[in-house]
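Model the full assembly from the supplied sequences, consistent with the hints where possible.
Each chain, written out:
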Amino acid sequence: MDDFNFEEEDFDSQVNGTTIRRILRHGLNHWPFMVTFLVCITAVALIESYFTYLSKRMIDEGIIARDLDALRALAIQYGLWFLVFAVFVFGFITAAGYLGHLVQYDLRKQMFDHLQKLPLSYYNRTSNGWLMSRVTSDATRVGDLVSWGFLDTAWTVTSILTSLGFMFAINWKLTLLVLVMIPALWKVAITFKQRILTEYRRVRKLNSKITGSYSESISGVRVVKSLGREHENLNQFNELTDDMYRASYRAAWLSALFLPAVQLVSATGIAVVVWFSGAQFEVGGMTIGGLQAFISYVTFMLWPIQQMAAVYASMQQAVASGERIFSLLDTEPEIVDAPGAIDPGSIRGDIVFDNVSFHYEDGKPVLENLSLRIPQGETVALVGPTGAGKSTLVNLICRFYEPTAGKIVINGHDYTTLTQHAIQSRVGMVLQTPHLFSGTVLDNVRYGRLDATDAEVEEAAKLAGAYDFIMKLEKGFKTEVGEGGVLLSVGQKQLISLARAILARPDIFIMDEATSSVDTLTEALIQQGMETLMNGRTSFIIAHRLSTIKSADRIMVIENGGVSEMGTHAELIRARGHYYNLYTRQFRDERQKVYGLDGSVAVAQ
Amino acid sequence: MISCNKHRGDQRLLRKNVEIIMSIETFDLKETVVENKFVGLWRLLKGYHLIYVIAIVSVGVAALAQTGIYYFLGYFVDEILPAANLRQLLPWVALGFVALATLQGLFTFAGGRLAAKVSEKAALRIRNFLYDHIQRLTFTYHDNMQTGELLQRATSDVDMVRRLFAEQTVGIGRIVLLFFVNFAALLTIDVKLAFLSVAIIPIVLLISYFFFIKVGEAYEHFQEQEATLSNRLQENLAGVRVVKAFARQQFEKEMFEGENVEKYRRGRRLTTMHAVFWPATDLLCGAQMLLGFYLGARMAIDGAMTAGDYIAYVGFVTQIIWPIRNLGRLIADVSTGFVSYGRILQIVRQEQEPITVGKHRPEQPVRGAVRFEDVGFTYEGEDEQVLHHLSFAAEPGQVVALLGGTGSGKTSLVNLLPRFYEYTYGRILLDDVELKDYPRDYLRAQIGIVMQEPFLFSLTIRENITYGVTRDVTEAEIETAARAAAVHDVIQSFPKGYDTMVGERGVTLSGGQKQRVTLARTFLRNPRLLILDDATSSVDTETEAEIRSALDRLMESRTTFLIAHRIQSVMNADLVLVLENGRIVQRGTHDTLVNVPGTYQRIYDLQSRIEDELEADLSAVVVNGRLNGYQKLPQAGD
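One line per chain: the protein sequences are A and B, in this order.
Residue 363 in numbering that gives the first Met the number 0 sits at position 364 of the first sequence, with consecutive numbering throughout.
Residue 116 in numbering that gives the first Met the number 0 sits at position 117 of the second sequence, with consecutive numbering throughout.
Do not take every clue at face value.
[Unchecked claim] Chain A is faced by these chain B residues, among others (derived, beta-carbon under 7 Å):
1) 93
2) 130
3) 415
Don't read these hints as lab results, they were simulated from the structure.
Each residue gets a CB set at the ideal place from its N, CA and C atoms; glycine is no exception.
Here's what the structure looks like:
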């Protein structure tokens with residue numbers, strides 16, 4: 000549920016030139032759309048202003064002059080322009096809309112493709128919620144900026160300029176008076192929008208907290224009920240909703256204040272025009288139609304300006320979105336295929352660790368100067384305390400990480416000369432917390448080899464000991480497993496992911512606590528399948544059940560950054576080191592309980 | 000240890016809770032469950048009716064002021080411009096404009112602010128009610144409902160209802176009032192012209208209504224795709240290890256590409272709809288206005304109206320025609336808002352679990368004697384019986400172990416004890432009183448449950464340990480509980496200790512550590528009955544040993560129901576029940592069962608065969624080694 004709790008970080012970045020240029024470039028990839036909407040919106044703004052001017056002429060040249068013919072001619076002109084106007088409206092909506100969706104599409108595709116290249120270490124540092132927001136809402140915001148944001152800007156500028164132009168044509172002195180008003184309007188609009196935006200940001204934040212709270216109490220409802228915490232939960236939730244109420248109420252009334260404030264400024268402008276128009280009427284510099292047009296222009300100018308304030312505010316957000324998107328796209332994958340990297344067709348062969356060191360964080364080495372050779376076909380069990388580096392070792396073999404020093408050689412190739420695909424497509428991995436994808440059981444097993452036939456899938460399921468329980472499911476292989484496989488138990492998920500790995504027919508096989516949640520009967524059942532699978536394949540097994548470990552060709556004890564012991568079960572027992580201790584302790588534990596030798600047997604009484 | 004003091008503490012805290020509840024904006028949404036949704040929504044505003052009416056009236060006054068401005072403009076052209084003392088009058092005219100604009104602004108603001116207050120209050124009421132309601136719904140309901148579905152209703156549907164009050168009702172009110180005020184003004188100029196000027200309105204209204212309904216559907220379609228795309232992404236991110244392990248990047252890209260293209264397509268469709276609608280209605284409205292202007296201008300030329308009237312007329316018409324398209328949108332929004340409201344009501348209609356109802360609420364904690372008498376259970380709404388004729392008994396402090404495969408009914412059985420579900424027939428007795436007579440909250444306070452996958456909340460570790468403990472707890476008690484659960488040292492090692500937030504960046508609790516935090520919670524609650532549902536299966540050996548000893552301490556003197564897979568875990572139980580398909584197929588103690596042919600023996604044999612092999616192996620190796628090493632063996636592990 001991390002994703003719901005994920006909070007958007009604050010961004011106060013000012014509109015930044017470089018980022019805007021980069022965003023613009025994304026739009027320019029589809030420049031015909033951009034040109035079309037710019038042309039259309041400019042035409043729309045011009046025609047809109049011209050309509051007002053036509054109205055003025057209808058009053059002055061038609062009504063005041065009492066000229067019916069002139070009126071008719073103007074009306075026809077008006078009508079014709081309206082047809083042209085409609086065409087341009089169609090043009091800008093289509094062009095801007097298409098462009099916006101196209102840019103979003105591009106960005107999402109680029110980000111997704113890029114994400115596939117980034118190494119696991121990136122995913123460990125970065126929360127899924129963060130990545131989700133980049134690919135979804137940020138891409139949308141940038142797409143909207145390139146289309147509607149730029150469109151509104153063009154419209155605003157053209158509208159204001161053409162309105163002013165017509166006003167100048169009607170009466171330049173009064174126009175100068177109006178010009179004084181524009182900065183005031185702009186100031187009021189921007190100030191308000193900024194404050195409103197801040198409030199809405201707070202609202203959004205609270206909203207995501209509320210969602211998180213809901214999500215947690217729904218997914219944890221069984222725990223809530225069994226612990227009887229309903230009252231207190233509501234109290235805590237109420238603190239959130241109270242804050243939410245206050246923040247959103249404030250945001251809403253600030254918004255409600257915005258329009259009246261802007262209108263008041265423009266009404267003052269109109270009043271000034273009216274006041275001074277008296278002198279102009281007397282000298283014939285102003286007509287009735289002209290006055291009406293002036294009032295229309297001043298009123299009309301409100302919309303572009305208030306629109307612009309909104310655009311400016313969302314532009315800041317979009318630029319911040321753009322910055323984050325680019326930061327994702329600019330992340331260099333730490334592991335890249337070397338130039339000329341090859342795919343040898345198989346990676347069967349000895350695996351050699353040559354003086355390998357590795358650390359996730361500087362100064363905290365996980366493996367140090369590790370050298371070892373694993374002959375083709377050997378089964379290696381890795382044991383050792385949690386965090387000692389067992390999983391790290393297999394991650395290195397898969398090349399999810401690369402050694403920070405030294406090299407790993409597979410079948411004589413330094414593995415950095417191979418493509419990642421060459422290695423990873425031939426490694427089969429089964430994890431302790433197996434991940435299944437939404438979809439059917441069949442889809443999930445087939446993920447191991449996409450062109451496998453149904454019969455092969457079933458065969459793999461049988462080898463993994465999963466076949467019987469799958470057939471007992473309501474729709475057999477066609478049963479949906481739910482998001483992340485929630486509809487199945489952990490043990491069932493492990494068996495399916497085992498089948499998936501078996502189907503992949505890997506050259507190297509890795510099991511990381513793969514059967515820890517499988518019951519004893521089933522484990523015995525799959526033992527056979529596992530042996531078939533590991534036969535002839537180099538296999539790495541991380542397990543804590545001794546029975547699983549014992550049959551390995553070689554056991555490695557990983558401790559303090561390296562392999563502290565290595566050998567067969569018998570050799571290590573004889574060596575009396577860590578493995579011996581682990582083995583005897585666990586074993587004795589189990590035996591003592593069986594025979595009731597332990598004093599603590601009577602647990603209950 | 001458990002005394003009357005604790006219990007009195009409970010009651011005191013309960014009262015405290017009740018007091019806090021009083022200050023919360025609570026509103027029983029059940030009151031709004033009526034046939035007519037308008038009535039329901041109106042009831043939701045209980046206590047704010049007057050404010051809301053004032054809000055809408057304010058919006059109307061603002062509309063009136065706006066019309067007044069145009070009226071005044073016409074008056075100005077006809078009466079003041081020709082006047083001789085124009086220069087003296089002009090400042091007053093200017094003032095008149097500003098006054099009208101101020102009036103309009105004030106009422107717009109008042110209307111907006113009041114409507115915001117009411118709608119936010121309504122949202123607050125729904126949020127609080129839903130939150131509490133959802134956590135009190137039955138288990139059966141939650142089993143059948145997906146988290147995402149509930150979440151969507153509790154968030155976006157609530158927002159839709161909020162907008163119903165904040166935007167749609169007010170918006171419709173504004174446009175309708177604008178229409179009536181301006182139409183009335185038109186009528187004062189010329190009746191025939193007035194009707195001719197609005198002839199198109201019904202058509203535009205209808206077109207825009209249907210358009211916005213359609214666009215709403217297309218938008219939903221688009222949003223669905225957005226969700227699909229997000230899910231696709233989410234799956235990819237969550238399964239990144241699998242994707243990489245099988246080198247399926249190309250496959251993933253293709254899958255994502257498919258959804259991405261589809262989203263683009265749906266977005267484009269949405270655009271096209273808008274691109275046709277707006278210019279088309281522009282043309283209709285434009286034609287109507289042009290007609291009006293032309294007719295009006297002709298009348299003005301003929302002297303049937305004054306120039307001032309004409310100017311006012313243009314203003315009135317403009318205020319009627321353009322908002323109509325928006326009216327279509329608002330009405331369409333109202334219908335989607337109603338759908339959202341309906342979805343919320345579906346949750347509201349569900350019955351809550353009556354957690355405090357029950358005729359037997361002892362002052363004291365229970366002793367913990369549990370008896371099942373011929374108990375059977377079928378999940379509500381399903382046909383298949385999950386448990387059949389179960390009978391067994393456990394004395395206080397005894398351990399009952401449940402063994403069986405997946406789907407054998409172990410978890411269903413233990414879920415009956417805290418009354419998560421009600422058994423269908425038979426009787427379950429706790430201290431000789433039937434379970435159904437105990438109030439659920441009392442019962443649940445007596446039972447501690449440790450599940451296979453520990454669930455912690457996004458709170459501090461301290462809050463997680465004290466979660467659900469209603470009495471006041473001292474720091475020392477928390478630490479004692481944490482020590483008993485062998486997690487105190489781990490917690491101390493975090494920079495913020497007990498104040499560490501679970502899920503906080505940089506601090507990750509392993510599965511075993513999480514499990515031990517839930518154990519600490521259980522120690523602190525000190526329940527009489529304990530349910531351990533496969534509590535050690537997902538932790539590694541070293542922590543398993545620690546958890547096991549913590550569990551042993553926890554089980555002391557508590558009646559325990561233990562679900563486990565391994566013989567070692569169940570062999571000390573006072574009673575072992577082997578379940579198959581919801582029936583008890585074997586019962587007894589380890590000693591009796593191990594000698595009887597059956598499932599238990601089979602599992603035991605399998606496990607001990609492995610162990611025998613190990614032992615043989617070990618002794619073989621040791622015999623080959625030096626004997627003095629063998630002498631040291633007992634110390635080696637300690």
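Evaluation of the provided hints:
| no. | hint | verdict |
| --- | --- | --- |
| 1 | 93 | 4 Å, holds |
| 2 | 130 | 5 Å, holds |
| 3 | 415 | 13 Å, violated |
Of the numbered hints given earlier, the model fails hint 3 alone.
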